[in-house]
Structures are given as structure tokens and as C-alpha cells.
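**Q** So the sequence lines, in the order shown, correspond to chains A and B. Numbering of the first sequence is given in numbering that gives the first Met the number 0, commencing with residue 0 and proceeding in unit increments. Numbering of the second sequence is given in numbering that gives the first Met the number 0, commencing with residue 0 and proceeding in unit increments.
Just so you know, these hints were derived from the structure itself, not from any lab. As the structure is a prediction and not an experimental result, all values here were calculated from the model. Each hint should be verified, as a subset may be incorrect.
[Stated by the list, open to error] Sample of chain B residues facing chain A (criterion: CB under 8 Å; computed from the structure): (1) 50; (2) 88; (3) 95; (4) 282.
[Claimed, not checked] Within a straight-line C-alpha distance of at most 20 Å, the following computed DMTMM-like cross-link-like pairs (lysine to aspartate or glutamate) qualify: (5) A:232 / B:115; (6) A:232 / B:104; (7) B:286 / B:335.
Positions of the beta carbon are idealized from the N, C-alpha and C atoms, including for glycine.
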Amino acid sequence: MKVQHNSDASRQANGALSDLDAFMRRATRRLLSPQGIISMVVLVVLAYVVLMPVAFMIHDSLTLSGDDLRLVPGATEGTFTMKHWIRTFTSWPRFLGPLRNTLVVSAGATVLAMIIGGVFAWLTTLTDVPFKRFMGFLCMLPYMIPSWAFSMAWVEILQHRGVGRPTGFLTYLTGLRAPEWLVFGPVPIIINCAIHYFPFAYLTMSAALSGIDTQLEEAADILGASRLAVMRKITFPLITPALLSAAIMVFSRVMGTFGTVSILGVPARYQVLATQVYSLTRFGRMSEASAVAVALIVLCAIIVYINNRVIGTRRNYAVIGGKGTKKRPFSLGKHRYLVGSISLGFLGVFVLLPLFLLAYSSLMLNVGDWSLGNISAHWWVGQPTAYLAHGEPGILVNPSVWKAAWNTIRVSVSTALLCGAFGLLIGYVVVRMKGSTVATLVDAIAFVPVVIPSIAFGAVYLSIFAKPRPFVPMLYGSFVLLVLVAFAKRVPYTTRTGVSAMHQISAELEEAAYLQGASLWKRITRILFPLARPGFVAGVFLVATTTMREMSLFVLLMSPGNRVLAGQTFVYNEIGASQLSNALMTFIMILSLALAGIVKLWEKHASQAQPALHE
Amino acid sequence: MDIQRSVGVSIRNLSKSYGKVKALNDVSLEVPPGSFTTLLGPSGCGKTTLLRCIAGLEEPESGEIWIGGKMVFGRKGAVCLPPKARDLGLVFQSYALWPHMTVKENIAFGLRIRKDSSQAVDARVGEVLHVVGLTGYQSRYPSELSGGQQQRVSLARMLAVSPAILLMDEPLSNLDAKLRNNLRIELKRLHSTTGLTVVYVTHDQIEAMSLSTDVAVMSQGAIQDLGTPGKVYHNPSSTFVADFMGNPYMNLVESETVLVDDRIEAHALGGNLRIPIVNYPIGPGKKVTIGFRPEEVSISAHGGNGKAKVHAVLSTGADLLVTLRSGDVLVTARVDNQSSLGMDQEVCFSVSPQVVNVFDTESGRSVNIA
Numbered sequence: 000m001k002v003q004h005n006s007d008a009s010r011q012a013n014g015a016l017s018d019l020d021a022f023m024r025r026a027t028r029r030l031l032s033p034q035g036i037i038s039m040v041v042l043v044v045l046a047y048v049v050l051m052p053v054a055f056m057i058h059d060s061l062t063l064s065g066d067d068l069r070l071v072p073g074a075t076e077g078t079f080t081m082k083h084w085i086r087t088f089t090s091w092p093r094f095l096g097p098l099r100n101t102l103v104v105s106a107g108a109t110v111l112a113m114i115i116g117g118v119f120a121w122l123t124t125l126t127d128v129p130f131k132r133f134m135g136f137l138c139m140l141p142y143m144i145p146s147w148a149f150s151m152a153w154v155e156i157l158q159h160r161g162v163g164r165p166t167g168f169l170t171y172l173t174g175l176r177a178p179e180w181l182v183f184g185p186v187p188i189i190i191n192c193a194i195h196y197f198p199f200a201y202l203t204m205s206a207a208l209s210g211i212d213t214q215l216e217e218a219a220d221i222l223g224a225s226r227l228a229v230m231r232k233i234t235f236p237l238i239t240p241a242l243l244s245a246a247i248m249v250f251s252r253v254m255g256t257f258g259t260v261s262i263l264g265v266p267a268r269y270q271v272l273a274t275q276v277y278s279l280t281r282f283g284r285m286s287e288a289s290a291v292a293v294a295l296i297v298l299c300a301i302i303v304y305i306n307n308r309v310i311g312t313r314r315n316y317a318v319i320g321g322k323g324t325k326k327r328p329f330s331l332g333k334h335r336y337l338v339g340s341i342s343l344g345f346l347g348v349f350v351l352l353p354l355f356l357l358a359y360s361s362l363m364l365n366v367g368d369w370s371l372g373n374i375s376a377h378w379w380v381g382q383p384t385a386y387l388a389h390g391e392p393g394i395l396v397n398p399s400v401w402k403a404a405w406n407t408i409r410v411s412v413s414t415a416l417l418c419g420a421f422g423l424l425i426g427y428v429v430v431r432m433k434g435s436t437v438a439t440l441v442d443a444i445a446f447v448p449v450v451i452p453s454i455a456f457g458a459v460y461l462s463i464f465a466k467p468r469p470f471v472p473m474l475y476g477s478f479v480l481l482v483l484v485a486f487a488k489r490v491p492y493t494t495r496t497g498v499s500a501m502h503q504i505s506a507e508l509e510e511a512a513y514l515q516g517a518s519l520w521k522r523i524t525r526i527l528f529p530l531a532r533p534g535f536v537a538g539v540f541l542v543a544t545t546t547m548r549e550m551s552l553f554v555l556l557m558s559p560g561n562r563v564l565a566g567q568t569f570v571y572n573e574i575g576a577s578q579l580s581n582a583l584m585t586f587i588m589i590l591s592l593a594l595a596g597i598v599k600l601w602e603k604h605a606s607q608a609q610p611a612l613h614e
Numbered sequence: 000m001d002i003q004r005s006v007g008v009s010i011r012n013l014s015k016s017y018g019k020v021k022a023l024n025d026v027s028l029e030v031p032p033g034s035f036t037t038l039l040g041p042s043g044c045g046k047t048t049l050l051r052c053i054a055g056l057e058e059p060e061s062g063e064i065w066i067g068g069k070m071v072f073g074r075k076g077a078v079c080l081p082p083k084a085r086d087l088g089l090v091f092q093s094y095a096l097w098p099h100m101t102v103k104e105n106i107a108f109g110l111r112i113r114k115d116s117s118q119a120v121d122a123r124v125g126e127v128l129h130v131v132g133l134t135g136y137q138s139r140y141p142s143e144l145s146g147g148q149q150q151r152v153s154l155a156r157m158l159a160v161s162p163a164i165l166l167m168d169e170p171l172s173n174l175d176a177k178l179r180n181n182l183r184i185e186l187k188r189l190h191s192t193t194g195l196t197v198v199y200v201t202h203d204q205i206e207a208m209s210l211s212t213d214v215a216v217m218s219q220g221a222i223q224d225l226g227t228p229g230k231v232y233h234n235p236s237s238t239f240v241a242d243f244m245g246n247p248y249m250n251l252v253e254s255e256t257v258l259v260d261d262r263i264e265a266h267a268l269g270g271n272l273r274i275p276i277v278n279y280p281i282g283p284g285k286k287v288t289i290g291f292r293p294e295e296v297s298i299s300a301h302g303g304n305g306k307a308k309v310h311a312v313l314s315t316g317a318d319l320l321v322t323l324r325s326g327d328v329l330v331t332a333r334v335d336n337q338s339s340l341g342m343d344q345e346v347c348f349s350v351s352p353q354v355v356n357v358f359d360t361e362s363g364r365s366v367n368i369a
């Protein structure tokens, strides 16, 4: 009996041990399984490039650095302090004023961009307005070129001696002098940001308008609703989520915009948080710059949060519809051509004309002389001349421009490929491991860069990679740093394309290969990647085109060694060589449009070659 | 729920084409008041186009549509009333519930459009929700409902405004089999308690059989057969309809008429199947197609009027589907579960002559109709 009891107990002990043992084995197996390794790698990389920098920056803004020691007697480096926060957040010129300006400019530009985008989306999708295709192209054009190209053109057109500048096109042509508030300050900033960002609003709203399931409108029609009532009660509420998310996108982008404000605001001493981060950094006040950057991130996060609350999960519906017949276009009647001409005229004046004049001004030898006799290729191919622009040579014969061009291409391509590949991995983790903690975490962290405005991201990276820290190499001034920050900022783009690509690939396709003994590497390279290639390429192009014209993100991280083209225009601007800056901007525009054209051709090719792939 | 006013729909010589495709080719159809008329046919046959023309969502090119004695389309298109003036409701295949409105708001929409008082709206919403069995779901959003519940709301939304005609476009095809069966039962009850005129589009012939009082079988933009479900099932007007109705399909066997002792017989399967033909206006020496349902075939060891080998035996649970082979022709029989038949076994079978359908092989039309 006793023996019996003993053996029971030992069996129990054995059982308990093997339970724990089994748990450990199961955990190890899961962790070391191919999926486990992939998800861990993804998680660690995301944490390293996104979470760690933000954490370090918050830490920096709350501790004393070596430079601050003299401010607090007896303190040691690294002591916790609220000083930076208090000093920054209570200061009108350093923070509160720029904060107000940021909100004014962002709200104004968002409203204006939504109106312009909304009107053109309505015209091109729901009416019988003529010249639709050309209108659609002009509505996308501003987004294909750098945001501050319009600001440079704006200055070229409206400046005059009255504001301490050379003669602009308007004054040269008519003798009129634009009032100063129209040349520099919040009004032109709002207008120019709206011109650059309305394509977002246009794209989102036209997609939403043409994607509505027509049955939803027919149902209301049958129940007796008038055309106006259908618009007001069905169509408009249906596109509201798309509208709000477009507005949020525009708002957060404008908030992080640096170039436009530095050209149109700074001359009038109009500062926003983005320019404030830049100048505080340039003056070496890193802790305060960090505090402002943290504030920008928090502001952006709050707005995204409010947006999500307003839309809410209950109303989070996709408007992309099922079947439904083609909609009859709303007839503009005999005003068709009038409306079409006015719309094209608007786009011509606000989109085409500025870019044309910008290009033209790069051919003017002497600033302010718009006559044809002044045309010269000096700024493009001229040899250095002591009395012109401090002896800088024309951009096409300047080795540092070519170096910057090469840097731009290297950064864009490396970032795009990295982001594309990583996006697929994220897609794999999020889609295939849906519901697991890892997948949820990855999904959430990959979204974080969206709420970090570009300039703040730059500041974050500057503050952590410019001084030695544990696990962090010194990267300031290196090519790798630009790729790293662009990678971190663009990850959300390819996460979207990667997730949707993975959604389209049935798990069974991979499982079939798994059953036949294919390793994870084989499954990825032979099954998943070939099937996901269209999504991968789309993501790569998206990242490459947007990185090529990036400035806000890089401006704090560039040194002569790793300068990109966008940064070079900024350098020209700072030394007052506006003609060179204009020439280089024209060069970037041509490059950007060429790249956009290549993307378009590829999409056309892909849509012809791919239809059989996904059911 | 209140008994609805019953009105009929009359469609006269309706035509409509999309480019070169004739979606509707001179279609005429009478939908009797209070009937449950089903437009049945394969996809692309024009049934949905016809329904949308009745609803006023599509405009036909020619012909007339009358609803309850009122012309809603006609005079070469000079008269074309908008949907709201046609006094009808339409239940869509994909429900088309407005995702930004709650169940109550969806249902109340039509009532509010016609400016009912808010008490009247509340009362009516409660009433129709009770009818579709969704009391208590008022404040849900469509995304929080199952497919079956969404379709009930979609139905309630149209019932709320008490239309004279209820149109339904494959309303059950997005639901799973069990749910579909439950909703069929409810639709049937709804129709008989309200007396509402229903025009119903489906490609599912079992659904058509089980729900309808009248079935119109459509193909290539024209009505191929019209009648009660029983008529269309047992005496289809053409080989197309015969082939489309029923599962398993009607057996269609090529044969030739022969004069045997003053009587006409159809000989098929190289003389292995001989069926006397009575009461059909047809002479000897004609090529005809014989049609008979699997349940009209019986299998025996001896006797009968045909000989064949057992090709395959499939059990449906309730009974057996036996495929018989004679030469290269297959004939399906539905027999009870007790039979023990082995593969390739030689058997005799008989077809009871009263229910044989005779079609002209060339035109495919039923001989007694021609």
C-alpha cells in the first residue's frame, strides 16, 4: 500500500515536471519555428528603428546633457529634469507661437486642399465635364514633385523690391506689387501646402465616390428619396470616413512640412513647430529641439486618435461595393464646356504656370530680369564666375550636384528595396499569424511612423545617432543614416501593400509546398515572393518616388558627405543662389516626372500581364 | 401585419439591349395580383434586367410596363416613371444596407422620406421588425449582423413602406444552405399572410419550385416557359426547360416514332426502349426527343420496356439514383433505398407512358404545344 502510494506520488511529480517540460519545449519550438523567427526579427527591427529612437528622444528631453550642467549647480549629466519641458512649453516665441501657427497653417491648408480635391473628384467622377483625363493628370501632378517647388515658384512670381527682393514675374509684367502678406507668411503657406497636398484629397475622394455600391443609392431611390436627399443622406455619409482620413493625412503632412515654411514663412519671421525643431537643432539646443519634436508627435497622435474615435469601429466600413451598375453621370448641361474651361484654367494658373515660370527663371542670367534677352544656360552648364552666385558652377557641371544626384538615387533605391522586402515580411506576420500577440504588436508598431512628422523623425535620428550610446553606432553624416530614417518613416507604406499582397495569396498555396517538404526559405522565395511580386513592386515604386523628393526628413541629417539633391537646393537657397536652386529644382522635377512616368508604364504593363494571377 | 393591396404587373413586348447583346427580346408576361411569380434562369438570361426594368432602375427601349392598371413605362419611352412613383420595393442580392445607419435608421428611411410622424415611424419599424423576427436589434449597425439578419433587415426596410409589389433579386443566394431554407419558409409564410404580389428572381430551380405560385423560365432574353411550378416541372415546354428544371435533370433520349399495330411508339436506345405515345399529334418516322423524370423510371429484373446495364449507383440518403447505360446513352432512375444493385448488372426498366414528354428534336419544342 505504501509502495503503491509512493509510486503514485512519484508519477505525479513526474507528471508535473513533464508539464513544465512540455510547456518549455512547446515555447521553444514555437519561438524557433520559421514563423517564430521571422516575427521576432520583424519585431526587433521595428522596435529598433521606430520605438527606440522615440524612447531615447523622450529620455533626452527629460535629462540634463553635458552642455546643460552649468545651468544647474551640482547636477551630473543624465539627471532627470523638467527644465527643458518647462522652458520650452511655456515660451511664446519658442513653442506656443509656433504651435498656434502650426495649427492655423495645418487647418487652413487641410480645409483648402479638401475643397479643391473634393470639387475635382466630384467633377471627374460624377459629372460629364470635358477634358477629364487631362484634369485628372493635373490633379496628380503636384504630388509628383517636391512640395516646396511651388513655394519657390510663388516667390519667383510675387516677390518685388518692396519686400526686399528682386523683381518677380508679376511686378515685371504689370508693375503691380503684391502686398507683403501675400508674398510671405501664413496665407501663401496655406495656399502652397494646399496645392501640394490636394492630390491626396482628390485621390481618396474620387476612389470613394466611384467605389460606392450603386445599390445603396438605388435602394434610397426606390424608397422615394430625391436626388438631393440621396446625395445628402447616403452618398455623403458613405464617403465621410474616406474624407476624414484624407483630411488627417493632409493635416499631419502639413504639420511636419519644413521646406514650404522655411521658404515662405521664415523671411517673415513666421515660425511653425517644424521650423522650430530645425532652428533649435541648428543652434545646438538639442534637448529643447527634442521637447518640441515630442510635442509634434503627441499632437499628431492626438489628431489620429480623435479621427479614429469619430469614425469609430462601428462605422468603419469600406465603401468599395459589390455589383451595381454604372452610374449615369450628372449632366452639367450647356455649362459643360464653361465649367471644364474654368476648372482647367484654375489648374493651369495654380499648377502649370508656377512650374513653368520656375523652370524659366532658371534660364535667367540676372535675377529679376524676365526679358527674353536675359536667357542663358549659365545656371545649368556655366563655368564658375566669381561675381555670380559666389562662383558656384552651373548645376550640370558641378561635381557636388552629381554626387548629390547619385546619393539621391542610392538612398531612394536602397530604401525602397528594403521597405518593399520588409513590408512583405510584415504582411506575412500580420496576415498569417493573425490574432497572435506578435502580429498585433507588429501591426501596431508599423503604424507608429505615421504619427511622427518628418522633421521630428529627422530630429529623433539626429539626437540618437549623433552621440555614442549602447547598441547604437555613430552614424551622423553617413549614407546609412539617411537610408535608416527613410526606411523607418516609409515602413507604413509598404506595410499596407505587403498586407494586401499577402491577403491575396491563399494560405493553402504555401501549405501545399510545406507538405511537400519545402523549407520556409524555399516557400518564401519560390511561392510567396513570386506571387506577391506585384505588391512588392508597387510598394518599392511608392517608396522610391516619395523618397526621391524628400527633404523634411533629411534636412537635419545631411552633411556635405551625404547630401541629396533636395538638400542641395536648400543649400543654394541659404547662400542666396536662388537661380541655381531653381535650376536644380527643375532638374528634380524632371527626374520625378520621369520616374512617375516609368511607374505608370509599369502599372499598365502589370495590369495587362497579371490578371490571371489572383482569381 | 396588415393585408396588402394586391395589384398585378403586366409586361408587354419589352425589349432592351446592351450594345449588341439583347438582354430582353420582346418579353411579355402577366404577373397576377397576389401571386409569387419567379423569374428563373441561368445567369445572363435577362431575369435581373427584367426586374430592374420593372423597378425603374433600367430603362427599356420599347414595350410597356403596367403596374396595377397604371402605365409606368410605355409610349416608346415617353412615359417612364421614376422608381418612387411605381409603389414597389426591391430587395437586393447583396442586401444594400446603408452601413452608416443603424437597423432602425435603415428601416425608417423610406418612412421619413414620405414624412411620417415620428410616432408612426417608431410603430411601423417595430411592427416590421417583429414580422422579420428581429425585435431588439434596432440600434445595431449592419456590420454587427449576420448575413441572414442583414437580409431580413433589407426585407423589413422595403416592407415598411407597404409597397404594392415586392421585387426580390436573388435575395437568398449569399446565404448558407441551412439559413436559405429557413428564410424560404419565412418568405412563403410572409407571402401567404400578406397577400403581397412578389416578383422574385433566382437561378436556383429548387427555390423557384418551393416558393412560387407562378414560374417564368427565361433564357437568352426571352421567356421559355410559364406556368405553375408543377406544370413547368412535369410538362416543360422545351428541352431547354426540361434540362434546366429538376435535380437530377430530366432524362432526354433521342428516338424515332414507329407505327406499331395502329399505335405510334417511340423507339430509342437501338430498340431497347419502346414507349407508346398516345394523345400526341405526331405521325410515324419523326425524330423526337423523349423526356421523363428519374422518379418515373422503375427498375426490375424482368419485364418492363427497356434493357440496360447498371452504370453507377449513388445514394442520396432517402433513395438511390441509379444511372443505367445502354450503348452510349445514360438514363437516370430514382429508386428506393431497398434495391440492391451491383455495378454492370443487367436489368430491365420501364417508363410509365402517361408522364412522357415528347419534343421535336430539331426545334426542341414540346410536340403537344406545337
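**Q** It remains to establish, for every hint, whether it holds in the given structure.
**A** How the hints compare with the structure:
no.	hint	result
1	50	12 Å, violated
2	88	7 Å, holds
3	95	4 Å, holds
4	282	50 Å, violated
5	A:232 / B:115	17 Å, holds
6	A:232 / B:104	11 Å, holds
7	B:286 / B:335	33 Å, violated
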